[in-house]
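Chains as they are written, first to last, in this note's numbering: chain A, 153 to 377; chain B, 44 to 429.
Hints may contain errors.
A few chain A residues that face chain B, going by a derived Cβ cut-off under 7 angstroms, partial list only [as the list claims (entries may be wrong)]:
hint : residue
1    : I209
2    : V252
3    : P376
If you want the footprint, here are the derived chain B segments under chain A, 3+ residues with CB under 8 angstroms [claimed, not checked]:
hint : segment
4    : 52 to 63
5    : 419 to 428
Please keep in mind that the hints were generated in silico from the structure rather than gathered at the bench. Please read all numbers here as calculations on a predicted model, not as lab measurements. Note that beta-carbon positions come from the ideal geometry of N, C-alpha and C, so glycine has one too.
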Amino acid sequence: MSAIIQVQNVSKSYWRDSFEVPVLNDLSLEINQGEFLALMGPSGSGKTTLLNLIAGIDRPSSGKLIVDGTDISTLNESGLAKWRSAKIGFVFQFYNLIPVLTAYENVELPLLLTKLSKAQRKEHVESALQIVGLGDRMDHYPKQLSGGQEQRVAIARAIVTDPVILVADEPTGDLDKHSAEEILTLMERLNKEFHKTIVIVTHDPHAASKAGITRHLEKGDLIPA
Amino acid sequence: MKVLKLILKNPLRHKLRTALTILGIAIAVIAFGLLRTVVTAWYVGVEGASANRLITRQAVSFIFPLPYAYKDKITQVPGVKTVTFANWFGGVYIDKNQFFARIAADAETIFDVYPEFLISKEELETFKRERNSCVLGEGIAKQYNLKVGDIMTLEGDIYPGNWEFIVRGIYKPRDKTTDASQMIFHWNYVNERMQVEMPERAGDVGWYIVQISDPAKSALISEQIDALFKNSPAETKTETERAFQQGFLSATSAIIVAMNLISFVIIGIIMLVLGNTMIMAARERTREYAVFKALGFSGFHLTGLIMGESLLIAAVGGGVGLFLTFPIVAGFEQVIPKGFFPVFQIEPITVILAVSAAILIGVAAAIFPIHRALSTKIIDGFRFVG
Numbered sequence: 153m154s155a156i157i158q159v160q161n162v163s164k165s166y167w168r169d170s171f172e173v174p175v176l177n178d179l180s181l182e183i184n185q186g187e188f189l190a191l192m193g194p195s196g197s198g199k200t201t202l203l204n205l206i207a208g209i210d211r212p213s214s215g216k217l218i219v220d221g222t223d224i225s226t227l228n229e230s231g232l233a234k235w236r237s238a239k240i241g242f243v244f245q246f247y248n249l250i251p252v253l254t255a256y257e258n259v260e261l262p263l264l265l266t267k268l269s270k271a272q273r274k275e276h277v278e279s280a281l282q283i284v285g286l287g288d289r290m291d292h293y294p295k296q297l298s299g300g301q302e303q304r305v306a307i308a309r310a311i312v313t314d315p316v317i318l319v320a321d322e323p324t325g326d327l328d329k330h331s332a333e334e335i336l337t338l339m340e341r342l343n344k345e346f347h348k349t350i351v352i353v354t355h356d357p358h359a360a361s362k363a364g365i366t367r368h369l370e371k372g373d374l375i376p377a
Numbered sequence: 044m045k046v047l048k049l050i051l052k053n054p055l056r057h058k059l060r061t062a063l064t065i066l067g068i069a070i071a072v073i074a075f076g077l078l079r080t081v082v083t084a085w086y087v088g089v090e091g092a093s094a095n096r097l098i099t100r101q102a103v104s105f106i107f108p109l110p111y112a113y114k115d116k117i118t119q120v121p122g123v124k125t126v127t128f129a130n131w132f133g134g135v136y137i138d139k140n141q142f143f144a145r146i147a148a149d150a151e152t153i154f155d156v157y158p159e160f161l162i163s164k165e166e167l168e169t170f171k172r173e174r175n176s177c178v179l180g181e182g183i184a185k186q187y188n189l190k191v192g193d194i195m196t197l198e199g200d201i202y203p204g205n206w207e208f209i210v211r212g213i214y215k216p217r218d219k220t221t222d223a224s225q226m227i228f229h230w231n232y233v234n235e236r237m238q239v240e241m242p243e244r245a246g247d248v249g250w251y252i253v254q255i256s257d258p259a260k261s262a263l264i265s266e267q268i269d270a271l272f273k274n275s276p277a278e279t280k281t282e283t284e285r286a287f288q289q290g291f292l293s294a295t296s297a298i299i300v301a302m303n304l305i306s307f308v309i310i311g312i313i314m315l316v317l318g319n320t321m322i323m324a325a326r327e328r329t330r331e332y333a334v335f336k337a338l339g340f341s342g343f344h345l346t347g348l349i350m351g352e353s354l355l356i357a358a359v360g361g362g363v364g365l366f367l368t369f370p371i372v373a374g375f376e377q378v379i380p381k382g383f384f385p386v387f388q389i390e391p392i393t394v395i396l397a398v399s400a401a402i403l404i405g406v407a408a409a410i411f412p413i414h415r416a417l418s419t420k421i422i423d424g425f426r427f428v429g
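So that you can see chain B by itself, here it is in the shape it has in the complex:
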């Protein structure tokens, strides 16, 4: 407290230098927050996975289909509650840049297996009844200003041709990790057309989603499902939904690691920037510190003075950066296609890490100047010519 006034006034000695340092810290905190938010968004699929859902896919690769006939056999496995299925439709909506999940699924059961997709009973009944209908996630409906009754036209690629769907429902996400960016329509609608136009692809299922009664039995049930189709032309791999999502992430793990690394490198760089500012300031004040010591101020006081100033600058920079991170992340969310990061928001842990980073920056940047101030003798300090 004794040196508080000086802590508050010292940064104003060189206003431009202090302002630029604060700006640098703010930018570093924004970049850190944004990168961490992207990394967190990448993992949202994993976090949103349900413990009582298994995914059964083709053992060789996810891109190879499974026969429709597997459904009944999977349903017979003890512990299985509901089986639904889906195909990745792909296609183009408006243009190739409009990316979001377009899924042909079993209309009768898909929403039973995904209770976190909240849809009204009426809309669900209409969807089930009309073969060419679709249900949109709330995020997609907002992004494209679509409402119930609107027509969506997709240009198929995996399933060639033009496909029209009538929006009959909009589902809301139950949890903050729930993906609200999917378009779901009838697998039967797609399959009927394939029977006519590409019969060799009729009856193909992308993957099965298996709802089980007891998550503790997921390993056993997975083994039993895969055992049913061992040595068949389309062997299966069944795993928890979480493991399935993590499998996608492993393909991009290098990017995630790189982003994590970059976010911490940014903090390290700005630590050096503030450290440089503090070293310059401490050097300029060598004589002043000698005066303080001569007057009787202890090493404790000088440490408080230098550390206080460093933490003040770091706190202001960190605070400005954190304050601006929220609108910047919100703006980023508007710009990126909804399908890339269905859930894109700043998590509390990101805020905690950003605040911790600012404190760490303030502390680390003060270490060398404090050491220099304490180790310089009074008489050497008086002789110093800056």
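So that you can see chain A by itself, here it is in the shape it has in the complex:
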């Protein structure tokens, strides 16, 4: 299997007032296509930061990130936005659905950036919602859905553009045990059946156990496997 994500000597630090706070230290990592990787570590270890860098929503202070053949550390903001819309599917801990849009409209959002016609968008959206098992909830608003259902809508939104990589930051962090299990099962299916490369950040060892590979971070360093 070829490496779809190559993190090469990446460091990242933030400025908080006048203080520079290092988060990642000269980190290198390769993730192969079709892998399901869990990043674990204590708070402040840099796992979310690494996820954000891979997803292209943050930039490294130094180093290279090559994702699906593109060195994203060289793209400008506009280029990065376009790249993200085509390559990355996001799943957030708190779902981040738009409350005034229905499940259908939330899932359709990423497709509005494509050249698909309304009919084509409809086909994709219905397909994505069917995959996550919410085909009968298209017209429901987020407030009419349970937490687990909201997260499934979020997953549908993440996969509707058929991205090469799914990134999920604590996808089960706000869910009860039963809903969390549903989400993890769904993600397993996306990985095994649809061959999606998935990178999740989690504190939950059970969630990590669903992934094929688990890597640990501590104080910005990747613990050797």
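Dock chain B against chain A, hints included.
Coordinates of chain B only, in the frame set by chain A:
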């Protein structure tokens, strides 16, 4: 278009907040429209002035009279077509609150010099024939439900005593800037009584209205008229009717300036109100904007989203305000004495300014929220706790 659905739905997130903001904008647009209409009405006398009419008055002050004898001399000035004259009668009709112009004028010539006062030939002949008759503007006739044949009684103040007039004609305004609120009666009727009761005031003329053939010669003719009476006990000042009307306005210019200023301050205030609403909305949606950016939506899309919502609220508020301005101005017109603002209506320029103000409000209120949305990094947006 991509974010159109969201633009239409976003204002409904907080219905009460949106409704109150719309109401505020509507009230601001109504106030703006009303103030602008009052300012425009103030200038109607100037706008309705004729280019071929000059006004000759006492040089010291308009309130001092001129001799009747000046008429023939003015008539002799080259370029003068017709000379008429008038006195401000004043007086009280019904009570002191019923204000409109009550003018004692030369019945033979007044309507020649004011062709925009449309009166039938028969009514004009009757008016000229009967010394104690009067002609009313259509606005006054409607306001007091007067018709030809009715008697009007004035209690004189400048010209003491009770004065009865029979309505013998009602004139219609030819143009929309024509004053249809005047009461015109015979100068001779008033003068004859003055000869008996107050002889020292007999023969006094308030001002002369001089109709000239060529407006281009107004300055020359004005100079020539004033030259006739230089160094006399009653020197004259002759000017175009427009300049004469503007002279009245200059006395109240501070009020007009203040009203103009207030009308724009109102717009500024409501801009801040909508701006506050948009800032609150944008702050609440910081995380959502971060999600949009993460999904690949550009700054252009976010700008369209925020600006679209702001313009939508401003447009609805402005539309409601403009819609209500018309009946409110019409109601105001019914309440104010006809003589204060003879012509009181919303001009097209007022509508254009009100619409422009609503657009400006929508655009300006969105600037800061857009800047904030675009400058907040995605990861900072996700961390935001509203």
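Hints, one by one, checked against the model:
1. I209: holds, 4 angstroms
2. V252: Interface hint status for V252/A: holds (4 angstroms vs cutoff 7 angstroms).
3. P376: At about 27 angstroms, which exceeds the 7 angstroms cut-off, the nearest Cβ of chain B leaves the hint on P376/A violated.
4. 52 to 63: With 4 residues in contact (Cβ-Cβ under 8 angstroms with chain A), the coverage given for the segment 52 to 63 of chain B holds.
5. 419 to 428: holds (count 4)
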